[in-house]
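Based on these hints, arrange chains R, D, C, G and Z on the given structure of chain P.
6 protein chains.
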Amino acid sequence: MRIVVTNCNTTQEMTAEIVRGARAAAGPGTTVTGLTPAWGPESAEGWLDSYLSAAAVLDTLRTYDGPPYDAVVMAGFGEHGREGVRELVDVPVVDITEAAAHLACLLGRRYGVVTTLERSCGQIEDSLELAGVGRNCAAVVGTGLGVLHLGDPHRTEAAFLAAAEHAREAGAEVLVLGCAGMTGLQQVVSEKLGVPVVDGVGAAVKLAEALVGMGLRTSRAGSFAKPVPKRRDWRPPAE
Amino acid sequence: MRIVVTNCNTTQEMTAEIVRGARAAAGPGTTVTGLTPAWGPESAEGWLDSYLSAAAVLDTLRTYDGPPYDAVVMAGFGEHGREGVRELVDVPVVDITEAAAHLACLLGRRYGVVTTLERSCGQIEDSLELAGVGRNCAAVVGTGLGVLHLGDPHRTEAAFLAAAEHAREAGAEVLVLGCAGMTGLQQVVSEKLGVPVVDGVGAAVKLAEALVGMGLRTSRAGSFAKPVPKRRDWRPPAE
Amino acid sequence: MRIVVTNCNTTQEMTAEIVRGARAAAGPGTTVTGLTPAWGPESAEGWLDSYLSAAAVLDTLRTYDGPPYDAVVMAGFGEHGREGVRELVDVPVVDITEAAAHLACLLGRRYGVVTTLERSCGQIEDSLELAGVGRNCAAVVGTGLGVLHLGDPHRTEAAFLAAAEHAREAGAEVLVLGCAGMTGLQQVVSEKLGVPVVDGVGAAVKLAEALVGMGLRTSRAGSFAKPVPKRRDWRPPAE
Amino acid sequence: MRIVVTNCNTTQEMTAEIVRGARAAAGPGTTVTGLTPAWGPESAEGWLDSYLSAAAVLDTLRTYDGPPYDAVVMAGFGEHGREGVRELVDVPVVDITEAAAHLACLLGRRYGVVTTLERSCGQIEDSLELAGVGRNCAAVVGTGLGVLHLGDPHRTEAAFLAAAEHAREAGAEVLVLGCAGMTGLQQVVSEKLGVPVVDGVGAAVKLAEALVGMGLRTSRAGSFAKPVPKRRDWRPPAE
Amino acid sequence: MRIVVTNCNTTQEMTAEIVRGARAAAGPGTTVTGLTPAWGPESAEGWLDSYLSAAAVLDTLRTYDGPPYDAVVMAGFGEHGREGVRELVDVPVVDITEAAAHLACLLGRRYGVVTTLERSCGQIEDSLELAGVGRNCAAVVGTGLGVLHLGDPHRTEAAFLAAAEHAREAGAEVLVLGCAGMTGLQQVVSEKLGVPVVDGVGAAVKLAEALVGMGLRTSRAGSFAKPVPKRRDWRPPAE
Amino acid sequence: MRIVVTNCNTTQEMTAEIVRGARAAAGPGTTVTGLTPAWGPESAEGWLDSYLSAAAVLDTLRTYDGPPYDAVVMAGFGEHGREGVRELVDVPVVDITEAAAHLACLLGRRYGVVTTLERSCGQIEDSLELAGVGRNCAAVVGTGLGVLHLGDPHRTEAAFLAAAEHAREAGAEVLVLGCAGMTGLQQVVSEKLGVPVVDGVGAAVKLAEALVGMGLRTSRAGSFAKPVPKRRDWRPPAE
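Protein chains in written order, with my numbering: chain P, 274 to 512; chain R, 274 to 512; chain D, 274 to 512; chain C, 274 to 512; chain G, 274 to 512; chain Z, 274 to 512.
Warning: the hint list may mix true and false statements.
[Unchecked claim] Across the chosen pairs, the derived CB separations fall in these ranges: (1) R:K465 with C:P426: 52 to 60 angstroms; (2) Z:Q460 with D:E442: 23 to 31 angstroms; (3) R:Q285 with D:R335: 48 to 56 angstroms; (4) D:E315 with C:P426: 45 to 53 angstroms; (5) D:G467 with R:K465: 45 to 53 angstroms; (6) Z:P341 with R:R335: 53 to 61 angstroms; (7) D:E391 with Z:E315: 54 to 62 angstroms.
Since the hints were derived computationally from the structure, they do not count as laboratory data.
Every residue, glycine too, gets a C-beta built ideally from N, C-alpha and C.
Isolated chain P, as found in the complex (with noise of 0.2 angstroms):
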């Protein structure tokens, strides 16, 4: 099955490092394409880059013009934009903020998200929330690095194991990597933390893998109807 993968903002670099975590995770039978939007922000932080993103995300899923996919998985912890796409395509999608937590739940009785800002902690409360996710979430810490600061992998490390003891002492028995941009970390800090960390990219991976498997779609009855058929205008006219 083909899998699409799309960044949620224009860094090719960071689509890259996505792919690379996606098709670790992937299944035998799975192809991982990566998608960087054309526009948008080139790191998502806050609710304007939040939304700029979503919008992106979309125009570039709405212009596809590659082969055929199986599902979509949306890489931007926190960001905006999953129940657009769902009506969008008619595929399953999985963003990895859900994703996480899915699996997070199944791991232990409480979990904790260590992020970059503090200023996205919110934003990511509030997608959690939204995908029914939110009541086993302890805690979501913020590491103070932004998203495009998380290359020297020491450092990262380090704050990413200074935030999870926070994420801890508010009952998070389980943790999950707050940015898509941290994917490859989960197998060191699991270790020097002593409990399983789960990372979003992987996880939605897997759980569109598991979509696609049972032949499950996103519901057209109710919120996820098809758009309506209207004049949309994705840009500004030309001048």
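Chains R, D, C, G and Z alone, transformed into the frame defined by chain P:
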């Protein structure tokens, strides 16, 4: 004071109608300017439209070069974007969804919302919940009428009254017009139903005036800090 | 328009101070009249005081024979009585507790309240919850100062700033003055804390003006119907 | 032990009826004394009545000069005041609303309340919620009968059975008599409905006996500390 | 009346201690019979123990052939089984977890639980939540002492007092002994802490007496209907 | 990988059916082994059965001496035991109740469950709530058919469709088969209803594969630590 009212869609007639409603509610010293996004959906119905609308409204405010303003009213019932606008501008921002709910809470123990299509109900519920005013909402009920089919006032009124009945049965003691395009209907349906009916456009204008009058602005501490400076492309590169 | 502001206690100086705060917030066409109950506690701290106050305020409004008024503002932070007043009078009623919270919700993702004695915190939490605006309240924190010990502005300010720190740590991005007697403090603590600070008295005046301006009144359908005619004795029979 | 039972209204006949119900439930060593407020509403229906009643009941206990007692039972279903009485007296205080709910929780997974006027339903819901026992309440349903119209037992029984049906459909497995004036009805309606029916007056007597028997008293730490000494006027100055 | 008290484990000494506590709380006409399961864990700590205990307690009651009894008290703090026993027997069933919480709610605005091992805290939280009394629980705190290490009263008391401090800081105004093996400790720790401390065994006895005294039994309508007749094997076939 | 699927009851035919369903969902490299408890109820309906089942399933896994396995799937919809199994074994554990809900959350904004007897609905609601996925559950509806009466596929299908209608009216956009014995029904009812229908057995197999594939195991930090070593008797002493 000057209040900018952003329409959530590209339909100029609806902007005009919203501005009329806003002016009817505005105090003597208030000037209302309507902004129609240069791109986006012609009406917002569902999440795809809503995310497209959010980006277009942000872009509209970002590129606005008219006279300075003191507050933003966002006229899109249940539509996304308010948190992003709070990051972007330095003046108070009031979304008509939350505005209507805030005032409705003061008028009865439970309120209900009557909106357009059934598919929008969940989106409105989410918007109210995150705004912190979902607790006293008894029901969000659809009329089955699309945003662009509100033109016939008799049909709209009849549909509103029928849907309002369901909200009343669910415990609503106050009703809210669940679409900016319904502005103006409040008087007649309130009389027929015998309960107060709150128009979100008017409510948001009043709340914006209140915040400006008290010298209050969005907090920059935490969630709604200024956007991090970075590269953001608001449209695809020209081919 | 004329707004009647009811003090929750019998201390005339506090009524005067509240009226000053109310007038500072009121629009040009608004007249503010302060009402001091002829009986009740000299300050309201705790539930016993609050229930005594509620009855006394109701009695004050019931026996009021001054010029007609357009709205009631109830100045008792966290004090009981608002639903009873909504039954009693035909004009909009706004309690400063809920008013401050409604505006605070528009200014940040989470707000906090700083009040007088720790014993009042629970009562305020209950009041916010029932008003439908408890969800986004991060914390209610006491300063340890009694209502009648707010006279020394330096001590009050220092105590407020210290308590505000706890609210900020709990996630509050906006603060609320949790006592009518703190009115006037908002400017200076807002500057020192770097976050917006909402005064409930001003907020309630603004919301009352908004409701009156929109022609909205309390719903008579359901909870806040007119009191059933019956015998009520508002004081013991004279011996 | 001696239990004082306070009626929430001034109607002596109702006090007598409540005392009969209380005595029927009381253990062999328990003496029940009924207290009728010297002022207040002749029946409590709605918030205005409830706040007036709360102050009158507090005044009644404050000025009580009979023999010492070991506990207070407050007989006003859904009426305010219990927290104030907890501050005032040094003995355990049990409100019949919460008492009925506490026992009902032990008898089924969800309970329902059948009360008098529909306007009282919201007040009862709030009372249960704040008492900490709202979660398992499936419904509060009105019979349409005023407190002073419960005199005809056949009509009351028929109205109760009809309303109980609605509570059962909402999931209630246990029912609660939602008015002190219904005391005595539990036997017959329980048999007809085939579910347990809890009378709040009896429940409160039993819980008061339990607390006294275990030597437990209201906590003075935090919310229900003794009232702060200060000037309190319980009625207007004599002219 | 006769109350059967079931221990959740096979340790006879603990049954004896529980029975002592139950008798101390029981009214003059109440006989207390302790039942020790013939199988199960020697102490219940964690979910595996709890489910084993639940089946063993059910088996114990199912095969009980002593004199008839009027109520069952289940002495296992936070342990599973109460709903099953409600299905099985025709008399009222009270679990000490819920019982302590019900009484604690009457004594303060928020209560806290101090239990044995930290691992049990989540199980207790779940038990309180499902019993419908979780809302006013401020905290469940572990002492780090295993059930079978409560023998040294000084160590237990010291550990309780230390853990109680955490519960108090979280807002608890009343404390609950979170283990049947702590029965008897309530007096001394209550005095040292200056807050009421509720013992679940005593509380459950009192609530059982209340229900029996009022002629109330578990509802058979809905959740707790009699078990469907069918084949059930309570142990493996003999080899 | 090898997945052990535990039936919650002693009926071998049902184990066979569950294994068929599990194998249909399993990936190419997955071996499914069914385990039928040697004791317990012949079907689990209600809490008594559920607790008996939980102990029997734990005993079955505790004494299992077959080839090693990589994950446990617990096939008992709404039945107890999952947390105990998480303590017991070192591999991931997925309960079909939570599994179905996790996938359902990805397919629509609200889901509903259609189960066997009405008496099981509350137990399922509790199970979903504690698993952290109760928020988006719109309704749990019974068909009135006992577990052992699902044999007639036409009757079962008709009953499912009728009950599904109620769930749809309550807002469910996705449905869940609320009994392991319904496995296989999903295809036909999904087509007739026009909404996705999730089978818990398949869902749990997929989630177990996902967890194993990602190298994730249950957290040992906190709730699900290894059982404390102690004496445990899994059956009565032989006479």
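Each hint tested on the structure:
| no. | hint | in the structure |
| --- | --- | --- |
| 1 | R:K465 with C:P426: 52 to 60 angstroms | violated, 40 angstroms |
| 2 | Z:Q460 with D:E442: 23 to 31 angstroms | violated, 53 angstroms |
| 3 | R:Q285 with D:R335: 48 to 56 angstroms | holds, 52 angstroms |
| 4 | D:E315 with C:P426: 45 to 53 angstroms | holds, 48 angstroms |
| 5 | D:G467 with R:K465: 45 to 53 angstroms | holds, 49 angstroms |
| 6 | Z:P341 with R:R335: 53 to 61 angstroms | holds, 59 angstroms |
| 7 | D:E391 with Z:E315: 54 to 62 angstroms | holds, 58 angstroms |
Against the hints set out earlier in the document, violations occur for numbers 1 and 2.
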